[in-house]
Amino acid sequence: MSSATETRVAIKPRVAVVAPPSPYGWGKRLLKVAGTLSTRLAAVVALAVVWEVFPRLGLVDSVFLPPLSEVLADWWQLLTSGRLWENTEASLIRSLSGFGLAIVLTIPLGLVIGWYQPVANLLNPLLEVFRNTAALALLPVFVLILGLGETSKIAIITYACAWPILLNTISGVRTVDPLLIKSARSLGLGPLRLFQKVVLPAAVPTIFTGIRLAGAYSILILIAAEMVGAKAGLGYLINYAQYNFAVPDMYAGIITISAIGLIVNQLLIALERRFSTWRTTS
Amino acid sequence: MIRFENVRKVFQARGTTVTALDGIDLEVRAGEFLVIVGPSGCGKSTLLDLAGGLATASSGRILVDGKEVTGPGLDRGVVFQQYALLPWRTAQGNVEFGLEAKNVPRRERAARAREYLDLVGLSAFRDRYPHELSGGMKQRVAIARSLAFDPEVLLMDEPFAALDAQTRDGLQDELLRIWERTGKTVVFITHGIEEAVYLGQRVAVMTSRPGRIKRVVDVPLTARSATEDLRSDPEFAHYRHQIWSLLRDEVDKARTAELEGITHV
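If you read the protein sequences in the order shown, they are chains A and B. Heads up: the first sequence begins at 1 in my numbering, then just goes up one per residue. Heads up: the second sequence begins at 283 in my numbering, then just goes up one per residue.
Hints listed in this document are in silico derivations from the structure and should not be mistaken for laboratory results. Where is the CB? At the ideal position from N, CA and C, for every residue including glycine. Hints are not guaranteed to be accurate.
The calculated lysine-lysine pairs, modelled on DSBU-like cross-linking and capped at a C-alpha distance of 35 Å, are [to be verified]:
(1) B:496 - A:182
(2) B:349 - B:466
(3) B:384 - A:182
(4) A:197 - A:182
(5) B:349 - B:384
(6) A:182 - B:466
(7) B:535 - A:182
(8) A:197 - B:349
(9) B:384 - B:466
(10) B:349 - B:496
(11) B:535 - B:496
(12) B:349 - A:182
(13) A:197 - B:384
(14) B:466 - A:197
(15) B:466 - B:496
Chain A residues, not near chain B, derived (Cβ > 12 Å throughout) [claimed, not checked]:
(16) 28
(17) 42
(18) 46
(19) 54
(20) 79
(21) 107
(22) 125
(23) 146
(24) 159
(25) 227
(26) 243
Could you build the full structure based on these sequences and the hints that come with them?
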């Protein structure tokens, strides 16, 4: 619980200094903010406490689950030694390349499929087959064809990221309000300008939802891919630590990857909001 | 100005052929405010789509200023019941949209959009997005958008049907004021008899499907904007009743047809 009280105490005086001279409403608002903050953090803090206390009390075997403080100390050591960064860098490069490639390749494809009905009719059955096949089931195929190196890892990430982006782009284009199209046509807009001025902007929020989902996938698939024949990366670190029984290292890797996942997701949510403010309450 | 010459429109729906419009002959004079009123499903919106070039007639032709309509064009501005504003653009941006279609230079676009938002009384709401505007305001933006690119004809498809009664009354007066100021030709579709009499210099009454023009009624109410409460005027009541009588049989017919399970368009 200590960290939560600390943050609350730390925030209070700072806001009080900024508060205007007639701060009648401020006290209440502050309490409210503190309240929501503590509600949000409560479950996480509880997990941290359990993680710290249970191994110490011997309720779980501390060999398999070392107390959180030990894991964090180990994490710090990994960080200062540069080993953590080295592996994180390798992971981020793979993840971002795969994610970026998926964006560049599938958005145009999705726009074409969504806009041209014959293309959609042709490709839909194929899309249905592939979207219902778990990406990781294809990992051995990727390794078989592309080898154990970077190519197969980036390719599987690209593949996994492609689906949410592709499917959302298609549905974004498909679900544009027909009245908007009719209205734009009544202004004599040609197909190209209609697409540029109406269809594309209307589809942006839906496309972004796909991008956000893909961001999450890029991290999830990355770890699995790195557990197969990698020489660096967080997935490799976790797997390697487990083989060598360096249990705190393993947990340090896991914590890092979940922190990265969290940050990536928050960034993408913020970006998504920015691009779809007009959709709120409409 | 606008001439409908023996216009017929046939739809194919679920294997059956539905005649939506048949033998439409109608002339709309330049600068006139013509209202078309008819029972639901009589094809009045289809008629407007044809005039807007958004659909093509099965036979017959439509002339605007002597030129046959072959597609949409900026000589006609369409106002839809559901506003059709681009939700990612502000009121200003939406009015500019029509001007972009007309390839008006950027700076002039902004100035003209402001001018027309002023005309519909929305100068203070220029930077608002559609979801921040009320239904009445949205329709004002839509009207400003259609007026801004300066079409000769305004085609309005039940533009006030989705609004509450008070807002509707206000916008009717507003529209009459704008019409008088701009001198546009207005073709206004409605299913409301009062609205038709209140707005139209002439009211064309349509039959139930297949839609034909049953009668065109002159409504020479001179004191439209002067009278305090035109709707309680005995003359107003007279025209209201006349159009009501013309419509009553058609509404009955439309209802029977619907109950008999004839495909509804």
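Hints, verified against the model:
Distance hint between residue 496 (chain B) and residue 182 (chain A) is fulfilled; the C-alpha atoms sit about 29 Å from each other, no more than 35 Å. Pair hint residue 349 (chain B) plus residue 466 (chain B) holds up; C-alpha atoms about 18 Å apart against a cutoff of 35 Å. With a CA separation close to 17 Å, the supplied pair residue 384 (chain B) and residue 182 (chain A) stays within the 35 Å bound. Between the alpha carbons of residue 197 (chain A) and residue 182 (chain A) the distance comes to roughly 13 Å, so the proposed pair stays at or under 35 Å and holds.
Proposed proximity of residue 349 (chain B) and residue 384 (chain B) is supported: the alpha carbons are some 19 Å apart, at most 35 Å. With a C-alpha separation of about 22 Å, the suggested pair residue 182 (chain A) and residue 466 (chain B) falls inside the 35 Å cut-off, and the hint holds. A threshold of 35 Å between alpha carbons decides the hint, and for residue 535 (chain B) with residue 182 (chain A) the separation of about 31 Å falls inside it, so the pair holds. Under the criterion of a C-alpha separation no larger than 35 Å, the hint pairing residue 197 (chain A) with residue 349 (chain B) is consistent with the structure, at around 29 Å.
In summary, the hint linking residue 384 (chain B) to residue 466 (chain B) is supported, as the alpha carbons are separated by about 18 Å, within the 35 Å threshold. Simply put, residue 349 (chain B) and residue 496 (chain B) have alpha-carbon atoms about 26 Å apart, close enough for the 35 Å limit, and the pair holds. With a C-alpha separation of about 14 Å, the suggested pairing of residue 535 (chain B) with residue 496 (chain B) holds against the 35 Å cut-off. Under the criterion of a C-alpha separation no larger than 35 Å, the hint pairing residue 349 (chain B) with residue 182 (chain A) is consistent with the structure, at around 22 Å.
Between the alpha carbons of residue 197 (chain A) and residue 384 (chain B) the distance comes to roughly 14 Å, so the proposed pair stays at or under 35 Å and holds. Taking the CA atoms of residue 466 (chain B) and residue 197 (chain A), the gap is near 28 Å; set against the 35 Å cutoff, the hint holds. Taking the CA atoms of residue 466 (chain B) and residue 496 (chain B), the gap is about 25 Å. The hint holds against a cut of 35 Å. In this structure residue 28 (chain A) is separated from chain B by more than 12 Å, as the shortest Cβ-Cβ distance comes to about 28 Å.
With a cut of 12 Å on Cβ distances, residue 42 (chain A) stays outside the contact zone with chain B, its closest approach being about 35 Å. Distance check on residue 46 (chain A): its Cβ is at least 39 Å (rounded) from any Cβ of chain B, clearing the 12 Å threshold; non-interface status holds. The beta carbon of residue 54 (chain A) is kept farther than 12 Å from every beta carbon of chain B, the shortest such distance being approximately 50 Å. Against chain B, the non-interface label of residue 79 (chain A) holds: every CB pair exceeds 12 Å, the least being about 43 Å.
Against the 12 Å criterion, residue 107 (chain A) stays outside the reach of chain B, whose nearest CB is about 18 Å from its own CB. Taking the minimum C-beta to C-beta distance to chain B, about 26 Å, the non-interface status of residue 125 (chain A) holds against the 12 Å cut. Every beta carbon of chain B lies more than 12 Å from that of residue 146 (chain A), the smallest distance being close to 41 Å; the non-interface claim holds. Residue 159 (chain A), annotated as away from the interface, keeps every beta carbon of chain B farther than 12 Å; the closest lies near 32 Å.
With 12 Å as the threshold on Cβ separation, the claim that residue 227 (chain A) sits away from chain B holds: the shortest Cβ distance comes to roughly 43 Å. With a least beta-carbon separation of about 52 Å from chain B, residue 243 (chain A) lies farther than 12 Å from that chain, consistent with its non-interface assignment.
The structure agrees with every numbered hint stated previously.
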